[in-house]
Structure formats: C-alpha cells, structure tokens
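Enquirer: Here are the chains, one letter per residue:
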Amino acid sequence: DAGITQSPRHKVTETGTPVTLRCHQTENHRYMYWYRQDPGHGLRLIHYSYGVKDTDKGEVSDGYSVSRSKTEDFLLTLESATSSQTSVYFCAISEYSLRYGYTFGSGTRLTVV
Amino acid sequence: QKEVEQNSGPLSVPEGAIASLNCTYSDRGSQSFFWYRQYSGKSPELIMSIYSNGDKEDGRFTAQLNKASQYVSLLIRDSQPSDSATYLCAVGYAGGTSYGKLTFGQGTILTVHP
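Going down the list, the sequences are from chains S and H. Per our numbering, the first sequence starts with residue 1, numbered consecutively. Per our numbering, the second sequence starts with residue 1, numbered consecutively.
In short, the hints are calculated from the structure, not lab data. Any given hint might turn out to be false.
[Said to hold, decoys possible] Cβ-Cβ distance ranges computed for the label pairs, FRET-style: (1) S/T15 <-> H/N7: 32 to 40 Å; (2) S/E14 <-> H/S52: 33 to 41 Å; (3) S/T111 <-> H/R60: 36 to 44 Å; (4) H/A68 <-> S/P18: 46 to 54 Å.
[As the list claims (entries may be wrong)] If we take Cβ atoms under 8 Å as the criterion, some of the chain S residues that face chain H in the derived model are: (5) G42; (6) Y64; (7) L98; (8) F104.
[Said to hold, decoys possible] Below 16 Å or equal to it, Euclidean Cα-Cα: the simulated EDC-like pairs (lysine to aspartate or glutamate) are: (9) S/K70 <-> S/D54; (10) H/K2 <-> H/D27; (11) H/K2 <-> S/D54; (12) H/K42 <-> S/E59.
We put the CB at the ideal spot given by N, CA and C, even for glycine.
All chains should be modelled from the sequences, with the hints used to inform the complete structure.
Expert: Structure (structure tokens):
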C-alpha cells in the first residue's frame with residue numbers, strides 16, 4: 001500500500017518471547033493505529049497514536065505496548081507472546097479520519113507456537 | 001460500548017444482480033460512515049464514505065444512510081465476480097475519547113457467481 005509499510009509480513013515465534021512489529025509511513029499523517037483481525041471478531045483496536053510520544057489504549061490492549069518516537073514509525077510490541085495473540089495485525093494511518101477514513105498497511109501475519 | 005453490526009452472510013448473488021449489504025450502529029452520536037472492501041489475504045480498502053442522510057453514488061456503488069434508524073447500507077449494482085470479497089462497515093465518532101477512532105463491523109462475505 002502506497003505510503004504505509006508493515007514489517008515483517010509474516011512471523012512465527014515461540015510462546016513467551018517478545019515480538020516487535022513495525023509500521024512505517026511516508027504520508028506525514030498525525031494518527032496511527034494498530035488493529036488485530038480475527039475470525040468472528042473483525043478488526044479490533046489495540047493501541048493508537050495521535051502524535052509523537054502520544055499514545056493511548058484501544059479495546060484489546062492487554063499484553064501489548066506501543067511506541068512512537070518519530071512521526072513516521074509506530075511500533076507494536078508483544079511483551080511475552082501467547083497463542084491467543086496469533087492473529088493478523090494491521091497498521092492504519094489517517095490525517096482526518098472522520099472525513100477520509102483510514103489507509104491500511106498490508107498486514108503482518110503472526111503465529112505464536 | 002459502541003457496536004457495529006452487519007448482516008452475517010455469507011451473501012451469494014448471481015453476476016449482474018444487485019448486492020445489498022447492511023449495517024446498524026448503536027451510538028446516535030456517530031458522525032462518519034465508511035465501507036471497506038477486503039479481498040482474501042489482503043488489507044481493507046476504502047470504497048465509500050457517507051456523512052449525511054440519503055444516498056451517495058459512486059459508479060456501481062451506492063451508500064445509503066438513515067441516522068434516525070441508525071442504519072447504513074451499501075448497494076452494488078451489476079455485481080461482478082471481481083466484487084467477491086468481505087465488506088466491512090466502519091463508523092466514526094466525534095465525541096470525547098472516541099474522537100476519530102473507527103469501529104468496525106465483523107464484515108459480510110459476498111460471493112458473486114457467474
């Protein structure tokens with residue numbers, strides 16, 4: 001997706017290990033979001049950021065932390081991965097979401113074994 | 001908790017037919033409404049947005065909003081096999097701590113068969 005990239009695209013990790021997912025944007029958008037997508041649950045907000053060093057929790061934030069030290073980068077860390085965190089993770093960006101919605105990255109498929 | 005519900009599907013329509021996708025939302029303060037299309041294994045892609053009561057047309061797509069009934073729909077005319085995807089309804093709020101965040105429905109799987 002133009003202007004927003006996620007890395008890695010796929011990852012398999014072991015239970016109990018820390019994992020960091022990266023979202024990088026070149027659009028200079030203020031707002032960045034991390035969602036997870038699971039069958040039967042749809043897209044659920046984990047954390048979001050409204051500026052450098054300004055972050056807040058979403059509805060499913062337990063076990064996750066985030067950091068945003070630069071406008072372009074938003075990192076999601078699973079502090080100690082569990083099997084329940086096996087999911088597809090999407091990063092999204094927006095400048096004025098109520099008018100333009102979000103633009104999503106390509107996603108990261110994470111498997112915790 | 002703000003809720004967004006979509007008709008469960010899956011929805012199957014023949015090529016050339018009209019596909020109708022529905023969404024209801026719980027918060028009367030909702031301000032913005034979006035439809036995303038998601039192909040299998042891909043990320044959601046914005047296809048329609050609507051903010052005022054009534055209809056909004058873009059090519060073969062028409063979004064309809066009725067705030068009194070807390071209902072938003074997406075019509076796809078002349079459906080094509082390439083329209084086969086999951087369609088996500090998203091609702092945006094302008095109030096308080098929810099400002100700017102979108103809440104998504106679970107999605108409706110649409111299959112258009114030749």
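Enquirer: Check each numbered hint against the structure and report the violated ones by number, ascending.
Expert: 2, 6, 11, 12
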